[in-house]
Structures are given as C-alpha cells and as structure tokens.
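Residue numbers (the working numbering), protein chains in the order written: chain A, 4 to 268; chain B, 643 to 1116; chain C, 609 to 920.
Hints are computed from structural coordinates only; laboratory data are not their basis. Here the structure is a predicted model, which means the values were calculated and not measured. Hints should not be assumed to be uniformly reliable.
Here chain B is said to cover these stretches of chain A; the calculated rule only asks that three of the stretch's residues, wherever they fall, bring their Cβ under 8 Å from a Cβ of chain B [said to hold, decoys possible]: (1) 48 to 55; (2) 86 to 100; (3) 114 to 128.
Just so you know, even glycine gets a beta-carbon here, dropped at the ideal spot from N, CA and C.
Each chain, letter by letter, is given below.
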Amino acid sequence: MQLEIHHTTRYRFAAPVTFALQQVRKTPKSTPHQSVLDWSTEVTGGTKQLRFEDHHNNVVELISFDRNTTEISVVSRGRVALEDNHGIVGRHRGPAPLWLYRTHTPRTQPGAGVRETARSVQGETTLDWLHALSTHIRETIAYEVGSSHPGWGAEDAISEGRGVCQDHAHVFIACARHMDIPARYVSGYLMLDDRTSQDAMHAWAEAHVEGLGWVGYDVSNGIAPDTRYVRVATGLDYADAAPVSGMRIGGAAEALDVRIDVSQQ
Amino acid sequence: MSETEIFDEMWGTDARLRAPYSGFHDWLECEDPKRLRAKQREAEELFRLTGITFNVYGKAEAEERLIPFDIIPRIISGPEWARLSRGIEQRVRAINAFLHDIYHKQEIVKAGRIPEEMIRRNEAFLPHMIGVEPPGGVYTHIVGVDLVRTGPGEFFVLEDNARTPSGVSYMLENRETMLRMFPELFSQNRVRPVQTYPFDLRRSLAACAPGCAASDPVVAVLTPGIYNSAYFEHAFLADQMGVELVEGHDLRVVDGRVAMRTTKGYKPIDVLYRRVDDGFLDPLNFNPDSTLGVPGIMDVYRAGGITIANAPGTGIADDKAIYSYMPEIVEFYTGERPILQNVQTWRCSEPDALAYVLDHLDALVVKEVHGSGGYGMLIGPTASRKEIAAFRRKLKARPGNYIAQPTLSLSTVPIFSRAGLTPRHVDLRPYVLVSPGNINVTPGGLTRVALKKGSLVVNSSQGGGTKDTWVLED
Amino acid sequence: MLGKTANGLFWMSRYLERAENTARLIETGQRIALTRLGDDDAREWASILQSAGSHPAFMNAHEEVTKEAAINWMLRDRDNPSSIRTCIEAARQNARLVRTAITGEAWEAINAAYMSANASLARKVTERDLTEVLQRMRQGTALVRGMILGTMMRNEIFDFLRIGTFLERADYTARIIDVKYYVLLPSINAVGTMIDNVHWESILRAVSGRGGFRMEYGAGGGPREIVHFLVLDKRMPRSLAFCVSKIEDNLRYLDPDGRSPTLRMVRDLKTQYLSHDVSAIFDYGLHEFIQSVLSALGDVAAQIERDFRFYE
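If we strip away everything but chain A, and leave its shape as in the complex, we get (with noise of 0.2 Å):
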C-alpha cells in the first residue's frame, strides 16, 4: 500500500517572537517494512538549521524562528509504501540498547494505578499477556478528544479513567515496564476510512517480545497497526517521540492550527 501524507503546522502570534528553536519530528522512518518514497518540508517564517537522526532513530529537524515573526508554517509531504506486517515490527536494531525500553521516565513512573493494571492482566504467554493488557487499558480509560492534558502521565490517566491516544500509550508502556518488558512510544500518521483530513498526528505502543521483536499495540483502536499506519518516530515516552518540541521567548498569544491529509495513492 501506498499513502501520500501532507502534513502542516500553523503557529500565529498575536505579539513577534523574538527567539524561538524547535525540535520537529515527522519524517517517517525507513525500515524493512516502510519504505519513504520522498519527503520534504518547507518552512515559512522560519529556518531549517540542521537535521540528525537521535538515539531512537528518529530524524529530527530543528527550526528557529525568524526574528520578530508572527507566522511560522511547517508544511512536511510524502510519500511512503509500505508492506503488511500483521504488526510485527521486527527485531530490535540500535543504537540505543533493548534494555533502554525498560527504563521509566516520569510519565511512565508506576504508582498504584500502574502496578494494579499490570496486576488485573492476566495472559499464558507475553503475548498473550500484552494483547489483555491493551483490551483491559482500552476498557477502562476511555478515549474522549479532549479529555487529558499533554503532560499526564500513565497514572493522570489511570486515576481520570479517561484519555487519548497519547494517554493509551503511556498506560500500556508503563504497564508493560513494570513487568521488565521493554516498551515504546509511537508517534505516527493514520489513514482513517471514513476521511483524509485529521488535525492530530497517532500514537501507539510496541513491546518487544523475544522471539518476535518488537510487537505493535494501538490500544486506542484495539488492534495491531497494518498498513494504515506509518511509523514517524518512537521513544521511551511522548516527550521523546513529540512531533514538535521547543521553546521561545517572546510571541504572546499563540494560536495552533495542525491539518494533517493521509490518503491512499
């Protein structure tokens, strides 16, 4: 299958900013199963000052503002093919060492609502045991677009009972941490089937199984990412795995405005 994505970032400021750098991750990975045909992106009202690939195989581009700006556009677009895999990402490839993924991060830090899902779950086998916890988490915290903030953690949602995909992710990571299996964060594009237009990028989990490697998880959709699904970047929690991070000084009033098109060539 073969999907065109274009993909932009609006920021307006009501006052000129006068310094301002961001981190942007949207280029998606090239790996057995996906293959980018060609990407490219442009900015308006600011610069592209360089791009490296970061410990989890992540490009990133970072971009500064243009002095005194009020407007700045990231418009990325691409094309990428890419094979069915039922799932199954593959064996882990570096440089960042598998026992990495089983590190926490403050957003994954279990408390007592982490250690009492990954208690509830019960499964013969890891893969088993991974697939319950993505039901039982899908149960029990309910997606609704606009319920959480960005900074929760696994235990924000788990207490709230309620989250988004971001959310779903963290849970089933920390989850599966607590039971010393390495996990990660996804960030990445969908096809939806009943539209192009979104204005939110996806996130996912994956476990690493032995034997299988890394094994895919949206928990938000209940099932294992196909060929709908692009993988852009991964790490140990949202923050590393963010499209876009940064900081600034000046730019009072920011307005947000992200339109994302997937659609099948």
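Go by the hints and put chains B and C onto chain A.
Here is chains B and C on its own, set in the frame of chain A:
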C-alpha cells in the same frame, strides 16, 4: 592509625632525607626563615593583586577568597613520575574506550564484566549520547585524576574527574609565583616545566575540531559567568589560550552551527571547552530552566557541527559505583594489568560486602554513589556513635546507593609555618589532555594540602591550601 | 570581538572615568563651599547633586541636603549608581567580565584601585581626610588609564575603551558647565560679580583647566572665553569638541566604511552643536545648549549598544 606509619615525602618514615628533596634541602638550609616569611606574605599579596580568587557561594555578596599557597614545593622524582604518568595514561585511555563502548555496543556489559544495572540505573548515563560519534573519537578532552600516596611506591587513584576538572589555573599560578620569588631554585634544580599547558590545551582542543571546522579551528571557553566559583579559572584559561570567553547568552544556533555574537555579527565556534554541567548545557534538550546553556547545542553536536569538551555524558566514567570496576575496565580495554591501584571498595549492593561494611563502619569511609562528594558521606573513624547509628539505618534502607572504602593514611609534605617546617597531608591532581591518538600528562599537577594538623581534608572550601608540584628531570 | 566584551570594555572605562569625575565634582563642591561669600551649604551641595544628575535619588534617601550627607552619598553610598565606590566596583566587575581582553597590567591596576577604594571607603571619610582620599581615588584610576595606554594594543578593544572614556568625559564636562547654571539659578543678578568669578574659577579647576586657560588667555578671559575653552577648544583634553572628535576617531577605526548609524549621529552632533562660535551658544542659551548636548550624547551611547550588538 598511629603517627609513625605516615609516610612523609621529604623525610620518609625514618627521618632520613629522601633523594628528590636533597637539592631543595641544601637551599633551604642556607635560607633565613625571616626572608622566607616575607616571601610567603609577598606570595599572598601577589595572588590577591592578580585576582586569583574563588567565589564563595551563599554569601549576600559573592565573596572572593584566596586559596592559601604554601611555598615549600612538593617534589616527585623522574622515575616516580614516569611510572605514575604511564599509569594515568593507561587509565585515561581505558576511560575513553569505556565511554565509547557504553554509548555504542556495550561490549563490556555483554561480556558480563559490568552488570547492566550499573549503567541502566545510573543517573550519569546520558541517553542522548547513544550512537553519537564525538569528533576525533575523544570523550574526555581534559581529565584530572585524583591521586593519594601512602608509601614510597604506593599511589592510589581516588577519583577520575572526567567531567570538568578544575584547579589547573592554580597549578600554573603556583609555578609562576615560585619562579618570580625563587628563581635561583629553578636554576639549581631541573624541574620539568608546566607553563605550556594552555598552549597544549588549545592545540589539543583544536585537534578535536569537527569536520566542518576551518583550518584554524575557533575555540571558546563557556563559563556560567562571573559569579561562578571558578570564574577566575575560566577567564584565566581563555586568556592564556587566546580564545574567547563566552556565556550562554552570547551563543545561538545560526546556520546549523553554534555561533557567538560579536560586534560584527555571529561567528561559528568549532570547539567549545565548556565549564557548565551537562544538565545546564542545553535548555531545549535538558533542564529547560537553565539560563547558562545554549538551546539546541546538543542538536548541533549530534549533527556534527561542534565539538563539546568534555563530551556530554562522561560523568558515567567517574561515577563512584563505576569507580569500583575501574581495574576491570582497564584490563578489558587495554588488555594490560592496571599500573595504578584503586582504593579497595566495597559495593554495598552486594550482600557479603554490605555485611562487612556494617561490621566495620567505625573504620570505613562510606560514600553515596551518585552524590558528588561531601553530602551523605560517613567518615567512620571521626564519626560519633550516634552518627554511625543513623548512617547504619540509611545504609540498610538503600544499600545500593553506597560504597565503602578504608581510610588511607595519606602521605605528608612539610609546609612552612610559624614554627618552621611541619608535615601536612596532601593529595595530587595531575591534568591530562586527550586528542586523537595522543594523551599528554602535564608533569606534576595540583598538590592540595590540608593546612590543619592531622586533617585529611584538602578541599579549598574547608581549610585546604595548595603547593607547587615539581617533577624532576631524568 | 564578542558584543558582550565590547559592552564590558565600554562600561569599564565609563565607570573609571565616572569615578574620577565624581571625585572632581566633590572637590569642586568643596571648593565652592569653602570660598563662598555668605551663601549656605545646602544650596550649593544641592546644585552639585543636581549637576551630577543624582539630586532626586539623594532626596529619596535623605531628609535634607547637608554637606556631610552629600559628600558621603557621592563618595561611598552603594545606592548611588555614580558614587566613587559604586563606580570602581562596577568598573572592576566589568573588568572581570572582559578579563581576557585587557592586559594583566591593566587588570592588576584596576584590582589595585578597587582594593584601595575598599580600604579607604570602608568607613565614613572625615573632612580632614577627604582631600587625601579623593587624591588616592584619582591616582588609582589614573594608573589604570596609564596601564591601558602603555600596555594595550591599538585595536578594537582599545577603541571601545576610548569611546567609553570620552563619552563619559564629555558628559561630565557638560554637566560641570551646567553647575554654573544651577548654582546661580536663584540669583541671576550675580552675573559678573566676585562670586561669579569664583565659580568659574572652580569650574576650570574641576576639569584641570586652570593652567591651560591661563596659557591661552593670560590674565584676561571671562565667561565667554571659559565656555569657548570648555566647549569648543580642540586642544583642551576635556572639552566637548575634543571628546567628541575622539569618539568620532575611534568609531571610524571600528567602522572604516562609515556605515554605522552611530558615526552619522556623532557627525551630526558635531555639526549641530560644535561647529559654531561661542556667541551662538549664548544665543541658544547655555543651559539649553548643555541639555541638548547631554541628550545627544545619550542617544549616541544607546546607538552604540545597538550597532555593536552589546545585548542582542
């Protein structure tokens, strides 16, 4: 420990003058103590005038203090130094190989020589460095190895300072002061020079420039600013190297490089000798509240646009828990037996070791593994029974946080006091420069001396002073 | 050179010059007070504070103007940004910041001036010791200037030091001429009297200009000549014309193509205020003239910050 066991570097243990001091002793015999006292005062005046001070934190106004300087040099013979410097070089070589391995394939973990937890649970391990190739393959451009001595041939490494070791300006100023005050001593004794250090440092840093650098790389020193306790040293080194001294707010990412704001616009820097800790280096990637760093510098680094010296993440190599594995680390990467000894270390994470430590708390020094000295530390022999009991509880609660070492009977060197020469305990910090294919140990280093009688604390903040350190030719 | 370094150099030399000038101003005040003919202390010291531009700040901290309080304020009060002590501390702080740009000798001289100020100004200075202390402060800053002149390369580092020095000096000379305005303000009819002459004499002293003036004008010369001497004489090293031409010279070294707005502003200042004869100044009104020059100098300083990226 009884007084008689203490090794004095001038008089040995049997009050017989040791050979390296004979030339100096001849000179001293002919000196009038009054003249020496005047010289001692003159030296202090000199330090005050040149502004060789360190700032004291926690005062309403940042107070500037002098580190006391003692005019009696500490003297090391040529052969003694030859062995020491070989040992230091070996250790530093191993540290760089270890760092490369830890941030790449982790062969030493796979080989079972260091437990994975030691790395995984280590706060000094910096994931951002995974897979990064530092320009020239160098991680620790500057190392200060802390050594202590307990006998004629017994040197122990106390700590490998692989982050941003300080104090080298004192090494240089101490020598400068001795040369100004006692020129005759240096014509009578053949002392190996240290004055080329700033030049060597600049050359060594330039040799580690990234591929995109100009043929004469632009080097700069990054300081946290004039209120930092070591500001004098930062300015001193920049001045001596003839490079810019910059602060975070002078720098910005421009055209994919880190550039400094000059009167004529932004100019890219090739090598940044930073005296700012990892956590404060980049508010975009690390502590977002830091105002000392440069947003995005880590990104530029990872894209190969700048050399950061020392590389971020080198703290894993001088961590106290890792320290106990240094003999294994040296053997693993060099295939040689370590020339310098480690101080015997009990890792309280191991049950047998813990049991031993709990039984011998009154004789041991117990240190927190990730703490950087001073806090949460127990010095058994001088602690009260109550302190030991309290520490025992802490230790039992989280044994993995602690290591224990025996108290060493540090060697002494005489200082010049009102009562004449009297022995005081010393340590030694030699400075090592690393560039591709080259490890350069400056002969001597900084000798710190505990000015209080019997004290083992050489820290400048706790009554320590410094001495000129001589390495004799041949 | 780093923008920050240029800033540090500029302010280091400004503060040094200001420390010296504050010392001169105290001497002038002392002299006017000592040679007064029936006037009261308070008014004269208030005038001195006014010309130093620190009268409002002084009155915030004090009930009334007394000689003792005024001297202490100008000498050693940390709340006064122009007191000798504040200036020398600030000069040293800036020198620390630009330690790598100046020579060891220059740094040691600043450090020595600082240590001497610390020792001399630790306690209130009695009237008996005042002359000696002021002398010591001026010697300290003079030594720094000497070390700078004698040991430093003539490059952009030097240029920024000189620009700072001459901007501050021009500012001071303008202010000292204005002392005359403030002191005489309530009694305009004193013009041409004995007191008037004493005042002008004190002002010449305040800029070390008595001897120079006598060389030029012999026993003659009145207010017009003095104003010409202090404003327009290009050989008098503290005159406005002299200082401004030095600023222009050094700016030209920094900016040989003459593109910077600063250089244009300095040239405008020269044409507008320093290219006429002295009667034009009196026609304009001496006080008004001085105020206009002070404001133009302030604009130049602000433009230098921008042109040479002191902050951004």
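Verification of the hints:
no., hint, in the structure
1, 48 to 55, "holds (count 4)"
2, 86 to 100, "holds (count 4)"
3, 114 to 128, "violated (count 0)"
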